[in-house]
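Colleague: Single-letter residue listing:
Protein chains: 2
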Amino acid sequence: MNKKDLPIGIFDSGAGGLTVLKEIKKILPSEDIVYLGDTAHLPYGAKSKSTIIKLSISNILFLLEKKVKLIIVACNSTSSVALPLIKNFFGVPILGVVEAGVEAVLDRKAKRIGIIGTSATIGSMSYQNLIKKRRPKAKIIAASCPLFVPLVEEGWVDSSVTELVAKTYLKGFKGKVDLLILGCTHYPLLKKVISKVLDKTELIDSAEEVATKTRDILKKSNLLKSKKRGKISFFLTDNSPVFPKLAELVLKRKFKPTVVSNI
Amino acid sequence: MNKKDLPIGIFDSGAGGLTVLKEIKKILPSEDIVYLGDTAHLPYGAKSKSTIIKLSISNILFLLEKKVKLIIVACNSTSSVALPLIKNFFGVPILGVVEAGVEAVLDRKAKRIGIIGTSATIGSMSYQNLIKKRRPKAKIIAASCPLFVPLVEEGWVDSSVTELVAKTYLKGFKGKVDLLILGCTHYPLLKKVISKVLDKTELIDSAEEVATKTRDILKKSNLLKSKKRGKISFFLTDNSPVFPKLAELVLKRKFKPTVVSNI
Chain A
1 MNKKDLPIGI FDSGAGGLTV LKEIKKILPS EDIVYLGDTA HLPYGAKSKS
51 TIIKLSISNI LFLLEKKVKL IIVACNSTSS VALPLIKNFF GVPILGVVEA
101 GVEAVLDRKA KRIGIIGTSA TIGSMSYQNL IKKRRPKAKI IAASCPLFVP
151 LVEEGWVDSS VTELVAKTYL KGFKGKVDLL ILGCTHYPLL KKVISKVLDK
201 TELIDSAEEV ATKTRDILKK SNLLKSKKRG KISFFLTDNS PVFPKLAELV
251 LKRKFKPTVV SNI
Chain B
264 MNKKDLPIGI FDSGAGGLTV LKEIKKILPS EDIVYLGDTA HLPYGAKSKS
314 TIIKLSISNI LFLLEKKVKL IIVACNSTSS VALPLIKNFF GVPILGVVEA
364 GVEAVLDRKA KRIGIIGTSA TIGSMSYQNL IKKRRPKAKI IAASCPLFVP
414 LVEEGWVDSS VTELVAKTYL KGFKGKVDLL ILGCTHYPLL KKVISKVLDK
464 TELIDSAEEV ATKTRDILKK SNLLKSKKRG KISFFLTDNS PVFPKLAELV
514 LKRKFKPTVV SNI
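Top line first, the protein sequences correspond to chains A and B. Each step along the first sequence adds one to the number in our numbering, with nothing skipped, and position 176 is 176. If you want our numbering, it's the position in the second sequence, counting the first as 1, plus 263.
Because the hints were derived from the structure by calculation, they are not lab data. What you are looking at is a predicted structure, and each value in this text was computed from that prediction instead of being measured. Virtual Cβ for every residue (Gly too), placed ideally from N, Cα, C.
Over 12 Å on every C-beta distance to chain B, these chain A residues come out as not near it, computed from the model: (1) E103; (2) A104; (3) G230.
Below, a sample of chain B positions facing chain A; criterion: calculated Cβ distance under 8 Å: (4) S382; (5) P409; (6) L414; (7) L427; (8) D501; (9) N502.
Here are the simulated DSSO-like cross-link-like pairs (lysine-lysine), alpha carbons at most 27 Å apart as the crow flies: (10) K508/B / K54/A; (11) K167/A / K508/B; (12) K4/A / K219/A; (13) K476/B / K266/B; (14) K167/A / K459/B.
Using the sequences and the hints, build the whole thing.
Modeller: So this is what it looks like as structure tokens:
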């Protein structure tokens, strides 16, 4: 088999990474994709560093068995906490949403930068540290928004409740940042509500950014698949009532995931 | 060691079971308690039946190693899904919050019964089936309230957001039920908000009910410890940022849990 024709692997703790998958399909429609949602262990955001590392390695090994040519860590908690430590251990490029988001910020001139994410992502300081290293004079405001994920998973993406929650969480950002990094793969589904609360603030969507970066890397390595329309295979480590609901919300299509109990 | 002096074991997927612990301490202050929060695998509510059964058995075995005299399953998802299948496998009595809640309902004359809980609890139909079996003419309305747990874990127990969420979830109950079973151990923390939305509806708190049942069983078996003030030991299967916060909210005291990585 030509290496070009191998699939791209994506993993997340659950369904959040579907927003990344959507962006990949949009700009690289010919690529085959293997998606792994580690639903038996979600949410990663509330877990310790060593547990997140162990789980990430299991996920990477699963995708390598599927012979992927590149892996995307479509989970900000994992990208923050585990990726810097393990990304060079394996034989394929591994990209994370955090680095992609940070690079997008650095491409812009903004000096007042907002970051939102889960408690694990914000607490890990990985966005903050990466930006500070490359642009020491940046003013950064960061906040965790723990209710955004359950609100998305409940499907309340534009309810008045979500708007009220967004107003509470984003109070400290109003008029104080030029752009806001959506540091969680669930958050792109809340773009409308967030834009309503923080008008005039550019939203940086890490899902879009990591998709662009994936295309650039595959192109550079001459690994882009161009023939035919790509296939998507979904694997979950446990049955999840939320996954099919979110898959339909994000991808506007129904999918049947395969449950793999041991990875 | 006298069997009376052995501790009571309590387990939950996380911190929700602390409401049960609180009630046990209130009516049985002399008892020692071993609390296990399986934080590495929370939330159980979104997991499949076979996974919940496997995890529950691990938790029970852990508590049996600690030589407990009785085990309380302080988690409605587990009590609903796993307990009926495994409760007779072990050498000590195992009580669940679901049966205790149902017995409290049957002690009352109410015929219009409301039940709220996680998706797993409501979907398992265990409350509904148990009540229907014993009181076939009961009118039952049940609804899952997936955002209540994250709201409690965020500490927003009496915010306007929580009130708005409660109004949305409880719309179908207003004027249609005489009592409402709080079918999740997190929900007693929302009693104030729920009572505001559903005034004139009696709230059945399974945590209180299972505590009373525990006292009755220990008394009957002559296993009540009466000397001295009891000690509490906390074990978690992973570090959790939520646990200490909730422990303080529920118990008004700080605790240091021990993290046990393999059970």
